[in-house]
Amino acid sequence: MTNHKLVVRDLSVTMGKKQILNHVNFEVEDGEFLSILGPSGCGKTTILRILIGLLAPKTGTVHKDGVDITKASPSQRGMGIVFQNYALFENMTVLRNVEYALRLNKETKRQARQIAMEMLRHVGLEEHANKKPGKLSGGQQQRVAIARTLALHPDIILFDEPMSALDVDTRMTLRQELKDLQKTFKTTMIYITHDQEEAFAMSDRIMVMDEGVIVQIDTPENIIRNPADDYVRDFVIRNIQLKIDSLSRFAAVPEEGTGAVE
Amino acid sequence: MKRKGSTSVKLLLAAIFITCVVFPLIQMFLNIDKEGFLSIVNNERFGTVVGNSLKVALVSTVISVALALALSFSITRSRIRGKGIFRTILTLPMLIPSISHGMGLIILFGANGILTKQLNLPFHIYGFGGIVIGSVMYSFPAAFLMLTDVLNYEDRSPYEAAEVLGVSKWRQFLDISLPYLSRPLISVVFSVFTLVITDYGVPLMIGGNYTTLPVMMYQEIVGLLDFGKGSVIGSMLLVPAVVAFVIDLLKKDTGRTSFVTKRLRPRKNGLRDGLCYTLCSIAGIVVIIPIFTFVLLTFVKRYPLDMSLSFDHVFKTFNMKGSTYLINSLIVSVAVALVGTAVAYLTAYCTARMNGPMSRFLHLISITTMAIPGLVLGLSFVLFFKGSWLYGTLAILVLANTVHFFASPYLMIYNSFNIINKNLEDVGATMNISRPRILLDVLIPQTKDTLVEMLAYFFVNSMMTISAVSFLANVSTKQLSLMITQFEANRLMECSAFVSLMILGVNLVVKGLAHILKKQLRKKKAVNLQNLEVENNETVQVGI
Ligand SMILES: Nc1ncnc2c1ncn2[C@@H]1O[C@H](COP(=O)(O)OP(=O)(O)O)[C@@H](O)[C@H]1O
Ligand SMILES: [Mg+2]
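Chains as they are written, first to last, in the working numbering: chain A, 1 to 262; chain B, 1 to 544.
FYI, nobody ran anything at the bench for these hints, they're computed from the structure.
Some hints here could point you the wrong way.
[Claimed, not checked] Computed beta-carbon distance windows for the label pairs: (1) A:15 - B:178: 38 to 44 angstroms; (2) B:174 - A:104: 44 to 50 angstroms; (3) B:356 - A:230: 37 to 43 angstroms; (4) B:5 - A:165: 31 to 37 angstroms; (5) A:135 - B:178: 39 to 45 angstroms; (6) A:221 - B:5: 48 to 54 angstroms; (7) A:10 - B:342: 52 to 58 angstroms.
Remember, predicted model here, so these are calculated numbers, not experimental data.
The C-beta atom is built at its ideal place from N, Cα and C for all residues, glycine as well.
Hey, can you work out the whole structure from these sequences and the hints?
Printed below as a string of structure tokens:
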């Protein structure tokens, strides 16, 4: 288990009689952008909750940098999480949202403020520092959540469908910003989405899931060249193809097949 | 991941509920013996009394709900002015004990009543008719509040769609309004029915020889000290409340699913508005007249012989320990407000912000308290706590009222917690922010207005209740509200009137303060789309 950032072995979860995760194995590389793609209810969120320690698996282990963290508490894992619904502290200002955890985690007041402002600058929100989150747009609120997470310098950030509630334009901008932040902070990112196109546009590798198992985990290119089975072909590639087709019609670009994705 | 702290808090709360709700009720059931049961059931009076209770409750419920429907439609589906004032006036009866309503009727229509004499009325109010009128006065405001709440949140989209399709107004009412209302209406009907059938205040005051079950229970216990028979009747009074509760529980799935509905905006319509205005005005006047008679009786030297201004009755009331009882009531009400709010807040925090079987148990038992009529709770407490140090203290009154009025404030804060982002504690866990910190720094600041609402609810109801406390109070812990019967029995009607007035005055002040506070808190709360919170999560449920 040497060089991997994260090694997940034999993860299983049951709720009542229902098997939610079924012996899941995968690795995540340092600095990688890994998307988890799959239909609603296939167990994506469950994996994330186990990785960050909000849920204990029935069986299986999670190693980070070679250390077994299966039983570590969420705050000891050096990971951050960003939810679809932002989960901001509505009664606090944007700045306070970002510095709150820093203050509680023993930073001095000045240091905390300095770090918080710096993070807000990274997500382009300095001038909104003193507003309440409710005054901001959805995209801006999600940026606050990202800044709040970055402030604690996690080496892995988990995203649970962070853009599902946002409009298309915002999503497109935020995609690029997220990739830039990853470069700046050299953070490993694990990113849940059920939007095939988003996964293909952003990821180094994609993990395709169905009903609690991993169907395929590979680079976007390889998934398109060699889909593991009919499920991947139908669910993942066909959807992408449809989008490309409809877009190319408007753009009047001659159809190029799969090449457009890369 | 397990947390020891929260588990022990939940265990503590469960222990409190089991001691203050489950055990006392069991004690009451154990107190039923075959002999007492047979002697009650075989008593020829018993059949009549049950019949009386059912008749009164049925008729009152029909009138009360019909009136509430008409009034809530008038308020929510018209463009009349002064809606706020009407709303305040129409809910004034919720601030005084049921027994005061009976008294108001006697002052107006009794054998020597103001109107009886003035108009030479050929009838008197005692008996069935009086009980029904008094019960309606006392119960319709609750129904009115629940229905305005429901109607206020009706979505206008279906009506707009119907309009486009050319569906007639009448069909819109039948096909959209009625189905929307039917479920809440069932709850309203059952709560009003339970409210009326378990009340002893109105029938005791105005029933004359027309006895109902709660009056019979009151007489068995207060008059004859027969706890066995009291327990039998108490168990029977539990039946309608439990039925209502179970029905409510079964249809629980339809909450307010989305809180960002497009509100209905009634169009201009002179005729309709005129009718609504007239209806609300008449109802408002009818509500105010009895209260006005309290003022008249209190501050006039000797109605109707000497109409000069006088404070004799005020002094007399205070000379007869009125001030002691007022202070008793204030102490208990403040304590109930603080203790009740704290416990309800903590319980709802455990049930709304945590999962697990223990949370579900706490939730279930919290809302179960709704199904226990005050008289029954009072009797159970007598039987269970007799002999303990609590018995005969103000503390046991605080405990009884807290349990009695627990469900509504609990549901207020439970609903508030549920619309706050569910992932806050998860985010906290990943950032080393503990649950208590999130509670203190995030949840409490966001629920201040609900807290104010809860405090006011506990206080007001504790101030006016006559049910649970009636068996538990003794000479030194007596409550102001219980003086009404005592003065009336001694033919001191003026003092009774003054007592009702004091209760109303105190409650009005508290309600007013709460209103101002809430308004300020809302102004501070940033205009915030996610918190387009239920703008009046006011007393939707009613303590029975
Ligand atoms: N607390 C829970 N109790 C029971 N079943 C759950 C619970 N949480 C999730 N599930 C079930 O587990 C499955 C996977 O859920 P989830 O990981 O949230 O899926 P996804 O994020 O892929 O939509 C779903 O079928 C869901 O119904
Ligand atoms: Mg999910």
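Results of checking the hints against the structure:
1. Between residue 15 of chain A and residue 178 of chain B the beta carbon distance is about 40 angstroms. The supplied range of 38 to 44 angstroms therefore holds.
2. Hint check: residue 174 of chain B to residue 104 of chain A, Cβ distance near 58 angstroms, so the stated range 44 to 50 angstroms is violated.
3. For the pair residue 356 of chain B and residue 230 of chain A, the beta carbons lie near 41 angstroms from each other, so the given range of 37 to 43 angstroms is met.
4. The hint said 31 to 37 angstroms for the Cβ distance between residue 5 of chain B and residue 165 of chain A, and at roughly 33 angstroms that hint holds.
5. Between residue 135 of chain A and residue 178 of chain B the beta carbon distance is about 41 angstroms. The supplied range of 39 to 45 angstroms therefore holds.
6. Checked against the hint of 48 to 54 angstroms, the pair residue 221 of chain A and residue 5 of chain B passes, with Cβ atoms roughly 50 angstroms apart.
7. Between residue 10 of chain A and residue 342 of chain B the C-beta distance comes to about 46 angstroms, which lies outside the given range of 52 to 58 angstroms.
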